[in-house]
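*Asks:* Spelled out from the first residue to the last, the chains are:
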Amino acid sequence: MNSNQKKRNFQIEAFKHKVVVDPKYAEKTWKILEHAIHEIYNHNASGLSFEELYRNAYNMVLHKFGEKLYSGLVSTMTFHLQEMAKTIEAAQGGSFLEELNRKWTDHNKALQMIRDILMYMDRTFIPSTHKTPVHELGLNLWRDNVIHSSKIQMRLLNTLLELILRERTGEVINRGLMRNIIKMLMDLGPSVYQEDFEKPFLEVSADFYRAESQEFIECCDCGDYLKKAERRLNEEIERVSQYLDTKSESKITNVVEKEMIASHMLRLVHMENSGLVNMLIDDKYDDLGRMYSLFRRVPEGLPTIRDVMTTHLRETGKQLVTDPEKLKDPVEFVQSLLNEKDKYDKVINKAFSNDKTFQNALNSSFEYFINLNPRSPEFISLFVDEKLRKGLKGVSEEDVETILDKVMMLFRYLQEKDVFEKYYKQHLAKRLLSGKTVSDDAERSLIVKLKTECGYQFTSKLEGMFTDMKTSQDTMQGFYSNYGPELGDGPTLVVQVLTTGSWPTQPSVTCNLPAEMSALCEKFRSYYLGTHTGRRLSWQTNMGTADLKATFGKGQKHELNVSTYQMCVLMLFNNADRLRYKEIEQATEIPSSDLRRCLQSLALVKGKNVLRKEPMSKDIAEDDTFVVNDKFSSKFYKVKIGTVVAQKESEPEKQETRQRVEEDRKPQIEAAIVRIMKSRRVLDHNNIIAEVTKQLQSRFLANPGEIKKRIESLIEREFLERDSADRKMYRYLA
Amino acid sequence: MPRASKRKSEPLSSSNAKASRVDSSTAASKKPLSKVDERIIGIFHNYANKSLEMIDPEGIEALCSDLGVDHTDVRILMFAWKLKAERQGYFTQDEWLRGLKALQVDTINKLKKALPNLEKEVWKPENFEDFYFYAFRYCLTEDKQKCIDIESVCLLIELVLGSKYKLLVESFTEYLKSQSDYKAINKDQWISFLRFCQEVSFPDLENYDIDQAWPVLLDNFVEWMRERQR
Numbered sequence: 029m030n031s032n033q034k035k036r037n038f039q040i041e042a043f044k045h046k047v048v049v050d051p052k053y054a055e056k057t058w059k060i061l062e063h064a065i066h067e068i069y070n071h072n073a074s075g076l077s078f079e080e081l082y083r084n085a086y087n088m089v090l091h092k093f094g095e096k097l098y099s100g101l102v103s104t105m106t107f108h109l110q111e112m113a114k115t116i117e118a119a120q121g122g123s124f125l126e127e128l129n130r131k132w133t134d135h136n137k138a139l140q141m142i143r144d145i146l147m148y149m150d151r152t153f154i155p156s157t158h159k160t161p162v163h164e165l166g167l168n169l170w171r172d173n174v175i176h177s178s179k180i181q182m183r184l185l186n187t188l189l190e191l192i193l194r195e196r197t198g199e200v201i202n203r204g205l206m207r208n209i210i211k212m213l214m215d216l217g218p219s220v221y222q223e224d225f226e227k228p229f230l231e232v233s234a235d236f237y238r239a240e241s242q243e244f245i246e247c248c249d250c251g252d253y254l255k256k257a258e259r260r261l262n263e264e265i266e267r268v269s270q271y272l273d274t275k276s277e278s279k280i281t282n283v284v285e286k287e288m289i290a291s292h293m294l295r296l297v298h299m300e301n302s303g304l305v306n307m308l309i310d311d312k313y314d315d316l317g318r319m320y321s322l323f324r325r326v327p328e329g330l331p332t333i334r335d336v337m338t339t340h341l342r343e344t345g346k347q348l349v350t351d352p353e354k355l356k357d358p359v360e361f362v363q364s365l366l367n368e369k370d371k372y373d374k375v376i377n378k379a380f381s382n383d384k385t386f387q388n389a390l391n392s393s394f395e396y397f398i399n400l401n402p403r404s405p406e407f408i409s410l411f412v413d414e415k416l417r418k419g420l421k422g423v424s425e426e427d428v429e430t431i432l433d434k435v436m437m438l439f440r441y442l443q444e445k446d447v448f449e450k451y452y453k454q455h456l457a458k459r460l461l462s463g464k465t466v467s468d469d470a471e472r473s474l475i476v477k478l479k480t481e482c483g484y485q486f487t488s489k490l491e492g493m494f495t496d497m498k499t500s501q502d503t504m505q506g507f508y509s510n511y512g513p514e515l516g517d518g519p520t521l522v523v524q525v526l527t528t529g530s531w532p533t534q535p536s537v538t539c540n541l542p543a544e545m546s547a548l549c550e551k552f553r554s555y556y557l558g559t560h561t562g563r564r565l566s567w568q569t570n571m572g573t574a575d576l577k578a579t580f581g582k583g584q585k586h587e588l589n590v591s592t593y594q595m596c597v598l599m600l601f602n603n604a605d606r607l608r609y610k611e612i613e614q615a616t617e618i619p620s621s622d623l624r625r626c627l628q629s630l631a632l633v634k635g636k637n638v639l640r641k642e643p644m645s646k647d648i649a650e651d652d653t654f655v656v657n658d659k660f661s662s663k664f665y666k667v668k669i670g671t672v673v674a675q676k677e678s679e680p681e682k683q684e685t686r687q688r689v690e691e692d693r694k695p696q697i698e699a700a701i702v703r704i705m706k707s708r709r710v711l712d713h714n715n716i717i718a719e720v721t722k723q724l725q726s727r728f729l730a731n732p733g734e735i736k737k738r739i740e741s742l743i744e745r746e747f748l749e750r751d752s753a754d755r756k757m758y759r760y761l762a
Numbered sequence: 016m017p018r019a020s021k022r023k024s025e026p027l028s029s030s031n032a033k034a035s036r037v038d039s040s041t042a043a044s045k046k047p048l049s050k051v052d053e054r055i056i057g058i059f060h061n062y063a064n065k066s067l068e069m070i071d072p073e074g075i076e077a078l079c080s081d082l083g084v085d086h087t088d089v090r091i092l093m094f095a096w097k098l099k100a101e102r103q104g105y106f107t108q109d110e111w112l113r114g115l116k117a118l119q120v121d122t123i124n125k126l127k128k129a130l131p132n133l134e135k136e137v138w139k140p141e142n143f144e145d146f147y148f149y150a151f152r153y154c155l156t157e158d159k160q161k162c163i164d165i166e167s168v169c170l171l172i173e174l175v176l177g178s179k180y181k182l183l184v185e186s187f188t189e190y191l192k193s194q195s196d197y198k199a200i201n202k203d204q205w206i207s208f209l210r211f212c213q214e215v216s217f218p219d220l221e222n223y224d225i226d227q228a229w230p231v232l233l234d235n236f237v238e239w240m241r242e243r244q245r
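Protein chains in written order, with the working numbering: chain W, 29 to 762; chain V, 16 to 245.
Any given hint could be a false lead.
Unchecked claim - Now the stretches of chain V that chain W is said to cover, found in silico as 3 or more residues with beta-carbon under 8 angstroms:
(1) 199–211
(2) 222–228
What the hints assert, rightly or not - Cross-link-like lysine to aspartate or glutamate pairs, in silico, DMTMM-like; alpha carbons within 25 angstroms at most:
(3) V:K139 to W:D754
(4) W:K371 to W:D433
(5) W:K722 to W:D446
(6) W:K756 to V:E144
(7) W:K736 to V:E238
(8) V:K161 to W:D754
(9) W:K255 to W:D314
(10) W:K458 to W:E691
(11) W:K736 to V:D234
(12) V:K161 to W:E698
(13) W:K694 to V:D234
(14) V:K127 to V:D85
(15) W:K659 to W:E611
(16) W:K756 to V:E238
(17) W:K737 to V:E189
(18) V:K198 to W:E734
(19) W:K179 to W:E111
(20) V:K161 to W:D751
(21) W:K736 to V:E189
(22) W:K378 to W:E429
(23) W:K458 to W:E679
(24) W:K737 to V:D224
(25) W:K256 to W:E195
(26) W:K378 to W:E258
Because the hints were derived from the structure by calculation, they are not lab data. Every residue gets a Cβ at the ideal spot worked out from N, C-alpha and C, and that includes glycine.
All chains, please: the whole structure from these sequences, using the hints.
*Replies:* Here it is as structure tokens:
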């Protein structure tokens, strides 16, 4: 190294190559290139050497003639595009678009070749000078010189819109050509597509559909209109997929939705004879489904349908529950409620795609009108009664479940569930005591359903009734195994021991039983009390039944199935031929209203008139006389007389039940108030009302006035006091 | 004071009488009586029933005629309030002593002159409510009685509120007599009616808010009024 450091400075000189630049070099080279561009546009490119042209362009850029090359390109291309524009302008009628398309294809091909030649410029000169790249430049020049040329721009737009209009009116157009032209506009940039086509297209479409919908709505019914609107909507969607920008889809569908649906929504749903209400009435699932899917697309569309449906439902429901004809037959009444529910369930399922909001509207409507009729709870219970008595005979277990589930659904709508419970208890009692229930399983199944719905409390008494029935059976077995032998051939007694409290309270009026019966009853009483100390038995003769073997004048033998009261009356005739009303009343001590009814069914019902009344008149009078009807005949051996069937309550009975219900509610309301106040200590009036109502909702709808009265009663009894400062507040007094 | 309720009051039960007698004797024995006290007690004995050691209804009638006021006058009720008299129609010696000392009077004549001031005192807002509640309590004559029958309540309302809320009281008593839901008025309803007088504009009843915690009785009254105004 040291030796190297000795002064041996050695230098390599750069090779001085004298580049003699031909002053005309740039001009000459550009001429070559310009010529080539001309040739390309004239479809003579086959004779050109791309390698040479590329090199020339390369050299020009290298020798800092890029600027000249670029500006030359701009002017040459502009020249050709202007030429093309002239040809396009000259094209007549239908060939206009084709010519435009052809020239566009030519330009694209040329542009491709030119860009290849000028590749070097595109890569180095253009980025460094921030000029527009060749391809883009070509498109811009096309846009400015062809598309935006004054004679083409409007013509192009009008032609496109005209074609679309023709297609809308049913003609077949050249979709391929359309697609190419639209594609061209899109290639020229989103703003060109939007400004030169899409915006006017949407405007024209809006006008078109506004006019068309106006025309349709004047002459079509609702269903047809919706069909047309749906078809239009699908056409537009298809058009977009065929030859428009996919981004246009939502825009054009919006136009159709707005013009064809949103603007006419109310008119459509309320259209006379064919609107929504008619569709609902006639179960037009297709039309309804169409309306749903179309209206769903516009704001406020579904609420509009829902509101109309709700209003209609409430109105028809109200008519249904207040129709005096329907009120005559409780079973029919409930059946029509169920039918109505089925109908709308189906509509919502088939046409409204099980929309939750529609289901809610349906439920709230039912709740609204079912409770308009205070007898609904009674009627629903009667419906169940009818079903469980005979209606379910021979029906499969599954179908029974379905029916019970439907009943439960109606039950859920009831605000006064406690009233239902009252009636249900009464009806169940009658079913159980008369042995008329069809299926024990069905009875129990319904109880289980009520229990899951309302809790243990609701059904505990009902279940108690079933237990009593079972226990009574065992008791009777015990009784007969003890006394059986000594009773001999006498009458047979079946006693059902009912726990007080579990069963509906009945006025306990006893009548005088025939001697042989009362002896037997006494025996049972002593047996029962002997096994159960500390209990009390009282006879409910108004609820029993009896089977009597009777022999009439000419020896006709029949078995009569009668009530206990009727049995008492008939047994009197074992010892007498004729009896006056007064005598019967005295002997039996049956309450007079019951006695009249029982005599009526014994003497005045055709085919069951085992007694004869003198004089023969329709009503039972105090001084009537009764004799055994010797000529009684019936084709049946067993004759059933005047069975006790649960019936719609009479007006006074209804009032009485109502009163009992109101009385029962008082302690429940008070208990709720105390519960709430115990935990809250201080609470204002409105909140108490709200909370009490909420707590009791599962049983009944508490009346605010009644709650207020209960609060006052509690104030009087010093459970609560009013706050001395704040009017609205109550305090709990521990 | 409603006379009807006065008649209802029975002679003291023996246990009560004893208790009050013991009270008065112990109170008296504690300290010697002042001159003023003696004079006041002297007046007491002028009216008191000797066997009961209390001023009884008869004594009160005598007192009233000496004072020159009717025994049904509101001022007598105010006097009872001042005495804090426990039982309607009776003043004990303690009550009498307390009351007259508070009024700073020791002769009948002074008492007569003190009545107008007593009336003014009662009408002061801070006293009136107490007086109003007292009036109700004072009319509960029976053991465990909690309500006052409609007829007596109407008289009582007229007595205590009639001068201040004339029209309202007239309407209300008319309503009470015409309705059949309530046979008697309890303390809550009594108190609420005073608030009603003080807070609700009458006769338009515009600011009556049914959602507030008014007793149903007043709701019904308002409804009745509106019905009538229609």
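*Asks:* If a hint holds in the structure, say so; if it doesn't, say that too.
*Replies:* Results of checking the hints against the structure:
1. Under the rule that three or more residues need a Cβ within less than 8 angstroms of chain W, the assignment of the region 199–211 of chain V holds, with 7 such residues.
2. With 3 residues carrying a beta carbon less than 8 angstroms from a beta carbon of chain W, the region 222–228 of chain V meets the three-residue requirement, and the given coverage holds.
3. For the given pair, K139 (chain V) sits about 22 angstroms from D754 (chain W) by alpha-carbon distance, which is consistent with the 25 angstroms threshold.
4. For the hint linking K371 (chain W) to D433 (chain W), the alpha-carbon distance of about 16 angstroms falls within 25 angstroms, and the restraint holds.
5. Between K722 (chain W) and D446 (chain W), the direct Cα distance comes to roughly 15 angstroms. Compliance with the 25 angstroms bound is thereby established for this hinted pair.
6. Restraint check for K756 (chain W) and E144 (chain V): the C-alpha separation of about 19 angstroms stays at or below 25 angstroms, so the hint holds.
7. About 16 angstroms separates the Cα atoms of K736 (chain W) and E238 (chain V), which keeps this hinted pair within 25 angstroms; it holds.
8. A threshold of 25 angstroms between alpha carbons decides the hint, and for K161 (chain V) with D754 (chain W) the separation of about 24 angstroms falls inside it, so the pair holds.
9. With a CA separation close to 10 angstroms, the supplied pair K255 (chain W) and D314 (chain W) stays within the 25 angstroms bound.
10. For the hint pairing K458 (chain W) with E691 (chain W), the CA-to-CA distance comes to about 23 angstroms; that is within 25 angstroms, so the pair holds.
11. A C-alpha spacing of about 10 angstroms is found between K736 (chain W) and D234 (chain V), which places the hinted pair at or below 25 angstroms, so the restraint holds.
12. For the given pair, K161 (chain V) sits about 20 angstroms from E698 (chain W) by alpha-carbon distance, which is consistent with the 25 angstroms threshold.
13. Between the alpha carbons of K694 (chain W) and D234 (chain V) the distance comes to roughly 20 angstroms, so the proposed pair stays at or under 25 angstroms and holds.
14. A C-alpha spacing of about 13 angstroms is found between K127 (chain V) and D85 (chain V), which places the hinted pair at or below 25 angstroms, so the restraint holds.
15. For the proposed pair K659 (chain W) and E611 (chain W), the alpha carbon gap of about 24 angstroms is at most 25 angstroms, so the pair holds.
16. Among the hinted pairs, K756 (chain W) with E238 (chain V) is consistent with the structure: their alpha-carbon atoms are about 20 angstroms apart, no more than 25 angstroms.
17. With a CA separation close to 22 angstroms, the supplied pair K737 (chain W) and E189 (chain V) stays within the 25 angstroms bound.
18. Of the supplied pair hints, the one linking K198 (chain V) and E734 (chain W) holds, its CA atoms being roughly 18 angstroms apart against a limit of 25 angstroms.
19. Proposed proximity of K179 (chain W) and E111 (chain W) is supported: the alpha carbons are some 13 angstroms apart, at most 25 angstroms.
20. This hinted pair checks out: K161 (chain V) and D751 (chain W) have alpha carbons roughly 20 angstroms apart, not beyond 25 angstroms.
21. Taking the CA atoms of K736 (chain W) and E189 (chain V), the gap is about 24 angstroms. The hint holds against a cut of 25 angstroms.
22. For the suggested pair K378 (chain W) and E429 (chain W), the alpha carbons sit about 24 angstroms apart, so the restraint of at most 25 angstroms is met.
23. Taking the CA atoms of K458 (chain W) and E679 (chain W), the gap is near 20 angstroms; set against the 25 angstroms cutoff, the hint holds.
24. The hinted pair formed by K737 (chain W) and D224 (chain V) meets the criterion: a straight-line CA distance of about 17 angstroms does not exceed 25 angstroms.
25. The suggested pairing of K256 (chain W) with E195 (chain W) holds, with an alpha-carbon distance near 16 angstroms, which does not exceed 25 angstroms.
26. About 18 angstroms separates the Cα atoms of K378 (chain W) and E258 (chain W), which keeps this hinted pair within 25 angstroms; it holds.
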